[in-house]
Structure formats: structure tokens, C-alpha cells
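**Student:** Residue strings, one per chain:
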Amino acid sequence: QAQEEISVTLVNGHPPVFLWVKHLTETYIPAVNKALEGSGYTIAWSEAYGGTLAAVGGELEALEDGLAEVGVVPTVFEPTALPLQNVSYFTPFSTPDPRLVLETVNALHESVPGMVDSWERYDVEYLGGGFALDNYLLMTNFPVESIDDLSGRRIAAPGPAVNWLEGTGAVGVAGNLTTYYNDIQTGVFDGVIVFPTAAAPAKLQEVAPHITITDFGAQYAGSVVANKPWFDEQPEAVQAALREGAKAYTEAYLQEQNSRVEAALAGMQENGGTLTTLSDEEKARWAAALPQIADTWAKAAEADNLPASEVLDAYIGALKEAGAPLPRDWSQR
Amino acid sequence: MSGVEIGLASLAAILVLIYSGLHVAISLALVSFVGIWLLRDNADQAARILSLAARESISSYLFGVVPLFVLMGLVVSRAGIGRDTFDVANRLFHKVRGGLGMATVGANAIFAAITGISIASAAVFTKVAVPEMIRIGYTARFATGIVAGSSVLGMLIPPSLLLILYGIIAEQSVGALFLAGVGPGVLLALAYCAGIWAMVRFCKGFTGTPNELTAEMPEEQSSVASDTVSKLMPILLLVALVLGGIYGGLFTPTEAGAIGALGAIVIAAAKRRIGARTLWDVSLETGHITASICFLIIAATMYSRMLALSGLPAFLTEWVIALDIGVYGFIALFVLVLIVLGTILDSSSIMLITLPLVLPVATSMGIDLIWFGLITVLAVEIGLLTPPMGLSVYVIKSTLDDPSIGLNDIFAGAAPFALIMLLVLLAVVAFPWIATGIL
Amino acid sequence: MLPATLGELRTGYRPVDLAARLLDRLTVAMSVVGTLGILAIMVLIACDVIGRGMFGRPIMGVPEIISMSILGIVFLQLANTLARGKLTRADALINQLARRAPRAGLFVDAVMHAAGALLTGVLVTAFYPLFLRSYGRNETVGTVGQFIAPIWPVHFIVLAGATVLCAVFVMRAVALFILAFQSAAQERSEP
Ligand code: NA
Ligand code: NA
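Chains as they are written, first to last, in this note's numbering: chain A, 1 to 333; chain B, 334 to 772; chain C, 773 to 963.
Please note: incorrect hints may appear among the correct ones.
[As the list claims (entries may be wrong)] Below, simulated DMTMM-like cross-link-like pairs (lysine to aspartate or glutamate); rule was C-alpha separation at most 25 angstroms, straight line:
(1) A:Lys299 with C:Asp796
(2) A:Lys228 with B:Asp377
(3) A:Lys22 with B:Asp701
(4) C:Lys858 with B:Glu618
(5) A:Lys228 with C:Glu911
(6) A:Lys22 with B:Glu504
(7) A:Lys203 with B:Asp701
(8) C:Lys858 with B:Glu465
(9) A:Lys22 with B:Glu618
(10) C:Lys858 with B:Asp735
(11) A:Lys283 with A:Glu321
[Stated by the list, open to error] So the derived label-pair ranges between C-beta atoms look like this:
(12) C:Gln958 with B:Gly739: 26 to 32 angstroms
(13) A:Asp304 with C:Arg797: 38 to 44 angstroms
(14) C:Leu890 with B:Asn375: 16 to 22 angstroms
(15) C:Ala921 with B:Met334: 55 to 61 angstroms
(16) B:Gly739 with C:Leu890: 17 to 23 angstroms
(17) C:Leu798 with B:Asp614: 16 to 22 angstroms
(18) C:Asn867 with B:Ile654: 39 to 45 angstroms
(19) B:Leu740 with C:Ala873: 17 to 23 angstroms
(20) A:Gln332 with B:Val660: 57 to 63 angstroms
(21) C:Gln954 with A:Ile6: 47 to 53 angstroms
(22) A:Gln239 with C:Leu890: 54 to 60 angstroms
Keep in mind the hints are simulated off the structure, nothing from the lab.
Note that the Cβ used here is the ideal one computed from N, Cα and C, for glycine as well.
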């Protein structure tokens, strides 16, 4: 049987130390290759990570322009281009479980046509997989038992998570993981909102030893996608294999993430961090103190002709059905 | 041609183009364009990749503050704050052999705490220190060499544009890099002082026979004290503002550029050293320097993407690891390459060209990237003093505006200081705590 | 020495010299805007620091504003930087050539600037569709609930700045070629 070789460039802006890049090499490529066995097609992969083809946040445009055929687009860095995929960031205190978030958003892509349409605006095909960041928590250089402790404190957070501090009395500042350690050490910030698998390698517990499990929730953060015109030209077997790989990728990512989260939390405690869990009443107080950011988000996305209300209701509905705690029902507007 | 061959050919092409006088950024971008075209067999894609790189490469907060560090340095130099610092340092050292040279080094070290670029230091102290040193008997060669050598302190002692640049490329904390720069910076200043003493003592033919005691001093003791205070006040205020703000938790090292620039303007205006007109001229000059640096960065990003596509970095990484030369062998090789490139390229270009190639190797060897950053910056800065393209020397020559002192004289004068830099570099390699001990 | 700035490149052909002068004015105007941008960044960061430290009120969107504006500032300054002869190059060899053989020096320098024109021309043609796209889609940066701004004005500045930069390269190449041929003619007429 004759073999036909297809060239595929795989893009992501982060370097391979990040789990969602690591599993492109370790899981996605082998899984696609395996699915192609006996199909008569093989893929010659070239991997472009860590800004070698596109910087973080430049992946979508690189894929749209056909500079890469397949890639993982970190949707969290495309908040205005892909608002629907960012639904979880505007519904904080959802669920600590990344698997539930990932599976829910993946299912939304099947049930709400607007989800897929929002990708197709950029000539991109959603392949049915992605990654989620682990349950965000609060790390501070002062103990936190109630939101009253936050009054006047400067807390750094990634862009969309600054919204989670509105109305709490804390001063939310948009920050960047690479400078958190230094900026807390010198006192520019008193704490950060961060997820465990990022906090542990940055040794943040050394400068912000009070780790508070706030259950801001796991967050949908990226999708495996392909350049659509290219994808549509591929034979069915190749299309199926690329989708198959996305499933395997998601599964492998979730499994390793789970063990990494546990190791990260344990490691930070061993090295000077103290772990406390915010009480349910305080979580509810915090959630209630926030402005209706889901509504603000939905209105902005709907002005862009995207079915945000539908996505919001379906997302919260699915979480409720799965038994997520939900101290605040963001679909109540 | 294979990808790796195209990558290697591109290195040769860039060197040829740069030597023949094509603008450095254009050389990098042009070779990147042709290289990607060859690699992907598609000119449209090559152009598209370059245009995305152009938009992505400098669009960040860290690059946003580059002009502010430049502006701070230029305001300080135009406002005469560098001259005042020199006067005071001169009083401190005037009884020591080679004291005026040491004063230049000391003033530069203090000045370095508020400027992020060597160009500013070189320009200021050429105007301030060189005529004074020549007047009391230093040879022009030695006097300009001291200024050239000590100007590199501006990029070693924080804040430093090169360390910021390294932090961006290597994804390391700029704050940590700044702290790690203090030790090597102070050591280099001390080594320069020792070197100046030894040269004045043993190589009179090179240094001339200075008569330090004829250096000008105010007459009365009381007026000396008040004059010292008034001259030292602006620079101490600025240093306190910048360093105090950073370590007092008021602002981040990146934000310090804005506060420092604003502080320098306010202090200079309060001392009536700078008017609206001068401020505007300085701002325009800042714009030109910024554009020049950032265009280089854009082009170097294009080039590093072309290299990545060619597969050369991965190939080299595997090759060096297979060579099994160990950490010190690798560092020796790398430093050698930096010094050779330093003869012709400017500091930022060298870092932008080489770091994407070597950082993966360094990471795979488990090298501390903060330490590695200081080694890189020190080695790259040697290039400021070496012919044919030694930026500090060029700045001194153009600031001096004296046809009797040739480029060759200045390069000869700077040579011993380049050698001292190399010794300090070896010390930092041998004793990493010089850099990382403070962290 | 080779003529460094656009203003120094007098060919004696009035249309060429006039065009060079007008182009130079345009680059100065753009550079002024870029310089104001630098001062604005300085004030903005200072206000952000003071607002955060003294009043617990940082300014929203400062990181986004800074990262967008530095791109604009650089492209506003580039053309004038080249016109003033301040774009980094290693001109030791070419200056030596110009001293020994002025005509060859001018000619080589003209070729260099033609290469610059070619490369920036490529960039301009690649920037154009990107600008049209970000304008057409009204692409924005920022976060809902914090700060949102359109990105196309910056992309327009990048396109405009690259175009003028290309024009300065072309202008210098043309003027240098003319000077090279004039000095060739001079050498022939006075042996
Ligand atoms: Na400095
Ligand atoms: Na050099």
C-alpha cells in the first residue's frame, strides 16, 4: 500500500515545560500517528513551541493565516476574540474540578452552534479537546480567614481574574507570573491569585506563605484546533485521526495535571506554606460581593453577535447537574 | 539545501551583510525573509511570518519602559548631574595615585545606579572627566580608556537595559537579575581602580605622569562641605528614589524607568539645569535611540524564528550536548563566540542572535540562568571596547570632537580595561556567588 | 564620509531634492507624535504607581496601553531615525571605501538603501492585509469589566510608519545613485 505523507506544523506559544505543550509531543502526536496506522497516510510533524513561530496569544492568527496547520490556542489569552470559550473566567466559584470544566465546555461546542461559529470566524476548526487550568487559589503574605482581611490589600491577578476582586475591598492589579515573586518580596503586591501548578515552580510560598483555598474554580484555558481550509481538504481518515488525537491529549493532560496539583500543594506546604480553606460562608460572601460580571461579559459578547446568554445558561446548568457547589448562580441575572 | 544548511548559510550571510555596511536590522530581516522563503518554499508565508513577528516582538510592558530608561539617562547627563558626581568623587580620591582615574570609575559606578545604558555614561564622562585628566598629565589614550572602560558599569550595575533584555529573552525575573548585577558591577569597579593604580605605578609610558594634587579644589573647608552636599544631593535623591522605590515596594523594577525619568526631570528642573527646549531635544533623541534598539529587536525576533524553523538550534543543542564538554567547556565556547561577535555587533543584537540558540542548551545542562545572564552581559559588554565596532569608543570619539585624539588611541586606551573585564568575567564564572550570592 | 542625513543628500535635481525635503518634514512630524507618546507613557505609569500606592486605585489597562503604544511609538520614530542616519549600522568599512573611492562608496551605499527599501516594501505589503483584517473585525485588546480598546489604530500606525520608512529608503537610494553617477561624470570630465 502506497503511503502519502502530509506535513503538519504544530504551534503553541508556550515552551514545553508547560503541561499543555508537553502533551502535544508526548500524547497528541503519537495518538494521531497511531490512529493513522493502516490508513495509507502519515504525518511529518514539525513542532513550533515557545515563540518560535508565534508568541503566546499569537497562535490564533498564525493558524488563521495557515502558518501552522494544527495548534493549541490558549483561549485565556484571547478574551475578546473568543469570549464564549472564556465563560468560566466570568463565572468564578464554579467547580474545583478541571475535568468537569473541560468536559462541560467541550460538550457546549456540540450543543451550542455559536461556540463552533466563533472559531470559524477565524477560519479555524475545533477538534474536540483542550486544556483547563487547575483550581485558582489565593496566596498572600498575610493570613486570610474572611474577605474582610483583604481590605486595602494589593492583590495581583491575571487579567480576567482581576474581576474576582471587585467589591471585596482588595485592590486588584493585573500582573504577570514571571514577576510575582519579586513584586511580592519587595511589597508592591501583598498577594496573588494563581493556580497551584504555576505557584509551586515559582516558589511563591516563600514570599506569600498563606495559601488559601478559595475555590475560584478550575478554568477552561485552551483548545486544540486546525486551520479550517486546510482541514477541509484533508481525507476523512486524517480528519478523524486529528480529532482522535485531541481526545487522547485531553485525557492525558487531565491525568497528569491531577497528580501535579497534589504534588504542588504538598510541596508548597513542605517548603513553608500554610494551607487553609476558606469557609463556605465566606466563599458565599465573596461570590455575593462581586458585581454581576457574567452579565457584563454576556452583554459584551452579544453585542458581537455571539450567543453568550445561551452559553452561560447551558454552562451553569451543566455544572448544577454535575453537582458543583456554586455559591453563586451566575445565570440568575 | 537542508534546513540546518540554510541556517548555517544565514549566519554567514548576516556577517557579510553587516560587515559591508547594510543596516543591522535590515541585514537580519532580509536574511530571515530569504531563509524562510527557502525553507517553506513560499514567499507569501515568509512575509506573513515576518509581519506577525514585527507586531509581537516588542508589544509588551517590558519593552514599553525601554524609552523611559533611556530618557532618564539622557536627562541626567544633560542636566550636569554626572559632572557634579565626578567633582565630588574627585575630592575623595585626589590624594591617591591614579586618584582622578579612580574618581572617574567611582562616579561612573554611582551614576550607573540611575542609568540603564552605557552610551549615556560614556557621553557624560567624556565631557566631564577627560579634559580634567589630560590637564593634570594623563595621556589622552589613558584618559579616554578609563572613560570607555568605566562606561560599561552603566549596564552592569542596575538598572540595566541589557539585563532587562536578557530577562525578557530568558524569561527570568528582571528584579533577580538586577540584584545579581550588583556584585559583578562592584567587583569590576574595584578591579578597574586596582588596575589604574598599577598602570600609573608601573606603565608611566602608557598612562603619563599625573600630578593629582593640582586638581582643582575649592579654597575654604566650609564651602567644600556645602558644595559637596549641593552637588551630591541630586544624584543621591535620584538613587534613593529609584532604589528606595523598588526595594520599598512602591513600584516594580520595570515601573522604575518612569519614576526615575520623571524624578530626573523634576530634580533637573528644580536645579534649573534643564528647560522645556532641552527636555524636548532629549525626548526626541530618546525616540531615535528607542526606535533603533526596538527595530533591532524586531529584526532579531524575525531571525530567531527563521533559525527555529531551520532546525539549527535543535541541531546545535544536540551537537553541543553530544560533545560532552561539560558546563565550563560550554560556557568557555559561548563566551568566546560572544567576544568575537562583539568586535562587530552591538550588545543587544548579539544577545538576541545568540540567546535563542544557547538558552535551550544551558537549560538542558541545568545552568542557573541568572548566573548565566550575568556572564552573558559581561562578555557582551567587552564588545563595547573592541574594534572595529566598539560603541562606547565611538560615543567617546564623537562626544570628544577633538581630531588630535584618534579612534585608534581610544581603542588602545580601552584595551587594558577590556582585559580587566575578562578577568572579572573569569572570576564570576569561577565563583558564581559573586553574582547569585546576593539573591 | 558618506552623507548621513536625508537633508545632506542634495542631488541638484530640484524635484528629487524637494521630495526629499517634504519627506523629511513628514518624518519629523511623525517623530514628534512618537516623542509625545513616550512622555505620555511616563506620566501614565507614574499616575498608575501613585494611584495604586497612595489611593488604592490603579489605572485600569495600563499593561495593555503600554504594550500597544510602544509598538506605535517605534514605528512613528523609525523613518526619522533613518532619515537622521541613526539606524544602527557598522559603517567602518563602507566609510573607508568612500574615502578611497568616493564613487564606489556612494554606489555601494545606494545598493544598501535599495536593499532596505526592498525589505521594508515586503513588510508593508504584508502589514496591509493584517491592518484591513483587524479594522474590519474591530479587534480589541483587554478584558471585559476592566479595560477594552480597539487595536486597529496601532496597526494603522505600524502600516503607515513602515510605508514612510520604505519611502525614506527609496529616497536615499535614489539620491545616492544620482550622486554616484554625478561623481562618475565628474571624474570623466576632469581626468
Ligand atoms: Na545601570
Ligand atoms: Na566591539
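**Student:** Against each hint, give a clear statement of whether it holds in the structure.
**Tutor:** Hint check:
1. A:Lys299 with C:Asp796: violated (47 angstroms)
2. A:Lys228 with B:Asp377: The given pair, whose Cα atoms are some 19 angstroms apart, holds under the 25 angstroms limit.
3. A:Lys22 with B:Asp701: holds (22 angstroms)
4. C:Lys858 with B:Glu618: holds (10 angstroms)
5. A:Lys228 with C:Glu911: Measuring from Cα to Cα gives roughly 20 angstroms; hence the hint holds.
6. A:Lys22 with B:Glu504: holds (18 angstroms)
7. A:Lys203 with B:Asp701: holds (15 angstroms)
8. C:Lys858 with B:Glu465: Measuring from Cα to Cα gives roughly 30 angstroms; hence the hint is violated.
9. A:Lys22 with B:Glu618: violated (45 angstroms)
10. C:Lys858 with B:Asp735: Roughly 21 angstroms separates the two Cα atoms, so the pair holds.
11. A:Lys283 with A:Glu321: holds (20 angstroms)
12. C:Gln958 with B:Gly739: 26 to 32 angstroms: holds (30 angstroms)
13. A:Asp304 with C:Arg797: 38 to 44 angstroms: Distance hint for A:Asp304, C:Arg797 holds at roughly 41 angstroms.
14. C:Leu890 with B:Asn375: 16 to 22 angstroms: holds (18 angstroms)
15. C:Ala921 with B:Met334: 55 to 61 angstroms: Hint violated: Cβ distance 45 angstroms, outside 55 to 61 angstroms.
16. B:Gly739 with C:Leu890: 17 to 23 angstroms: violated (37 angstroms)
17. C:Leu798 with B:Asp614: 16 to 22 angstroms: With a Cβ separation near 20 angstroms, C:Leu798 and B:Asp614 satisfy 16 to 22 angstroms, so the hint holds.
18. C:Asn867 with B:Ile654: 39 to 45 angstroms: holds (43 angstroms)
19. B:Leu740 with C:Ala873: 17 to 23 angstroms: holds (21 angstroms)
20. A:Gln332 with B:Val660: 57 to 63 angstroms: With Cβ atoms ~60 angstroms apart, the hint holds.
21. C:Gln954 with A:Ile6: 47 to 53 angstroms: violated (57 angstroms)
22. A:Gln239 with C:Leu890: 54 to 60 angstroms: 41 angstroms Cβ-Cβ, so the 54 to 60 angstroms window is violated.
Hints 1, 8, 9, 15, 16, 21 and 22, counting from the list given before, are not met by this structure.
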